[in-house]
Each structure stands twice: as structure tokens, then as C-alpha cells.
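Line by line, the protein sequences give chains A and B. Anchor point for the first sequence: position 56 equals 56 in our numbering, and the numbering is continuous, going up by one each time. Anchor point for the second sequence: position 38 equals 38 in our numbering, and the numbering is continuous, going up by one each time.
No lab work stands behind these hints, which were simulated from the structure alone. Be a bit skeptical, because a hint or two may be false.
[Stated by the list, open to error] Keeping only pairs whose Cα atoms sit at most 25 Å apart, straight-line, the calculated DSS-like set for lysine-lysine is:
id, chain 1, residue 1, chain 2, residue 2
1, B, Lys5, A, Lys61
2, B, Lys52, B, Lys66
3, A, Lys11, B, Lys5
4, B, Lys36, A, Lys44
5, A, Lys36, B, Lys5
[As the list claims (entries may be wrong)] Chain A residues, not near chain B, derived (Cβ > 12 Å throughout):
id, residue
6, Gly13
7, Ile14
8, Ile22
9, Ala50
10, Glu55
11, Val60
12, Asn70
13, Pro71
14, Ile73
15, Glu81
[Unchecked claim] Label-pair ranges, simulated between beta-carbon atoms:
id, chain 1, residue 1, chain 2, residue 2, range
16, A, Glu81, B, Leu80, 32 to 42 Å
17, A, Val72, B, Asp57, 29 to 39 Å
18, B, Asp27, A, Glu79, 19 to 29 Å
Yeah, the Cβ is synthetic: ideal placement off N, Cα and C, and Gly gets one too.
There are 2 protein chains.
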Amino acid sequence: MWSAKIIVEYKEGILDPEAKTIQRAFDNLGYNDINKIQTGRYFKLNFENAIKKEEADVNVKEVCDKLLSNPVIENYTYELEEVS
Amino acid sequence: MWSAKIIVEYKEGILDPEAKTIQRAFDNLGYNDINKIQTGRYFKLNFENAIKKEEADVNVKEVCDKLLSNPVIENYTYELEEVS
Numbered sequence: 001m002w003s004a005k006i007i008v009e010y011k012e013g014i015l016d017p018e019a020k021t022i023q024r025a026f027d028n029l030g031y032n033d034i035n036k037i038q039t040g041r042y043f044k045l046n047f048e049n050a051i052k053k054e055e056a057d058v059n060v061k062e063v064c065d066k067l068l069s070n071p072v073i074e075n076y077t078y079e080l081e082e083v084s
Numbered sequence: 001m002w003s004a005k006i007i008v009e010y011k012e013g014i015l016d017p018e019a020k021t022i023q024r025a026f027d028n029l030g031y032n033d034i035n036k037i038q039t040g041r042y043f044k045l046n047f048e049n050a051i052k053k054e055e056a057d058v059n060v061k062e063v064c065d066k067l068l069s070n071p072v073i074e075n076y077t078y079e080l081e082e083v084s
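Next up, chain A with everything else stripped away, as it sits in the complex (with noise of 0.2 Å):
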């Protein structure tokens, strides 16, 4: 069976205000040495037993194209493995 490992992130330049939190909370609780935050959303899909790899891979770029990330704004990446 395929499963599908998603991260959509931010593009370079896109406020990410959830981050900015994170770097006060850090450096309030005295974790300086952390000097760049980025956050961003994780997806997992699995797919049928009978899809074969290329069927998975266009179906994860669609989806992510259509709903799991907003292109004006976020880039995604992903990795496909076979898991049983």
C-alpha cells in the first residue's frame, strides 16, 4: 500500500504570525540558540492496496493543488512510501 507524507509550508517572504508566538515563547522560557522558526501543516494519506505508484503520485499532487495547500502562499512537499 502507498502512503503519502505531505508538509505544506509557507512560501519565503509569508508572514507566519504562529512562529513569531513561538520565538517569544522561546525565548522567554530561555532557548536562545533556536534562531528561525517556520511552521506548517502535515498531511498523511493511504491509498487502496490496488493503486499502483504513479496513480498515487498524481492523485497527491492534485489533491494538494486543490485543497491541502493554497498556492498563493504555501508550497508543499511530499514523499511516497510503501507500507504494508
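Take the given structure of chain A and dock chain B to it, following the hints.
Positioned in the frame of chain A, the structure of chain B alone reads:
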């Protein structure tokens, strides 16, 4: 420079309403070959140049436990990699 990529996921059995909504959207759009969806959060942290891998590792675990995940309902995994 060490960089950590962190994925925070719901523990097995924890309700994931976002995933249910996505599943419904996939079904409506005709993506019936995706039979399981899980959502999570992603964080990328960059450490100062002077920080060694062991120190980065300890810091990542601490901030994941204290701040980035809720250990009651979430698990986290991370990878440390050296970037330039």
C-alpha cells in the same frame, strides 16, 4: 548549522475532525482511493551555528514536550540535519 524538522501527530484513537472533513471533500471530488487521512503540525527550527548536535537534540526534545506538542493527545517525531 543544525536544523530540526518536527512532526506532531495525534495519538492513535484521538478524534481528528480536520481529517474527517478532508475525507469528505476527497469523496466529493472523486478521490475514492484514499482510505485514511491523518493531519498534524510541522515545525522547522534552526539552531545557532555554535550549537552541537547533542545540545540541539536535547533542546528539541524539551521544546516539543513543553511547548510544541500536547503529550496527552499527541506524539512527535523529529529529524536533525546539518544545513549550511
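Here is what the structure says about each hint:
With a C-alpha separation of about 22 Å, the suggested pair B:Lys5 and A:Lys61 falls inside the 25 Å cut-off, and the hint holds. The suggested pairing of B:Lys52 with B:Lys66 holds, with an alpha-carbon distance near 21 Å, which does not exceed 25 Å. Between A:Lys11 and B:Lys5 the alpha-carbon distance is near 16 Å, which keeps this suggested pair within the 25 Å criterion. At most 25 Å may separate the alpha-carbon atoms for a hinted pair to count; B:Lys36 and A:Lys44 meet this at roughly 8 Å.
The straight-line distance between the Cα atoms of A:Lys36 and B:Lys5 is roughly 12 Å, inside the 25 Å bound, and the hint therefore holds. For A:Gly13, the non-interface assignment is confirmed: its Cβ lies about 16 Å from the closest Cβ of chain B, beyond the 12 Å cut-off. The Cβ of A:Ile14 sits about 14 Å from the closest Cβ of chain B, beyond the 12 Å cut-off, so the non-interface label holds. A beta-carbon of chain B is positioned within 12 Å of the beta-carbon of A:Ile22; the least distance is around 7 Å.
Non-interface call for A:Ala50 relative to chain B: violated, since the shortest CB-CB distance, roughly 8 Å, does not exceed 12 Å. The beta carbon of A:Glu55 sits about 7 Å from the closest Cβ of chain B, which is not more than 12 Å, so the claim that it is off the interface is violated. Non-interface status of A:Val60 relative to chain B is broken: a Cβ of that chain comes within 12 Å, the nearest being about 9 Å off. Taking the minimum C-beta to C-beta distance to chain B, about 14 Å, the non-interface status of A:Asn70 holds against the 12 Å cut.
Here A:Pro71 stays apart from chain B, with its beta-carbon at least about 16 Å from theirs, past the 12 Å limit. No Cβ of chain B comes within 12 Å of the Cβ of A:Ile73; the nearest lies about 15 Å off, and the non-interface call holds. Distance check on A:Glu81: its Cβ is at least 14 Å (rounded) from any Cβ of chain B, clearing the 12 Å threshold; non-interface status holds. In this structure the hint that A:Glu81 and B:Leu80 lie 32 to 42 Å apart at CB is violated, the actual value being about 20 Å.
Take A:Val72 and B:Asp57: their Cβ atoms lie about 36 Å apart, and the range 29 to 39 Å holds. In this structure, B:Asp27 and A:Glu79 meet the distance hint of 19 to 29 Å, their C-beta atoms being roughly 24 Å apart.
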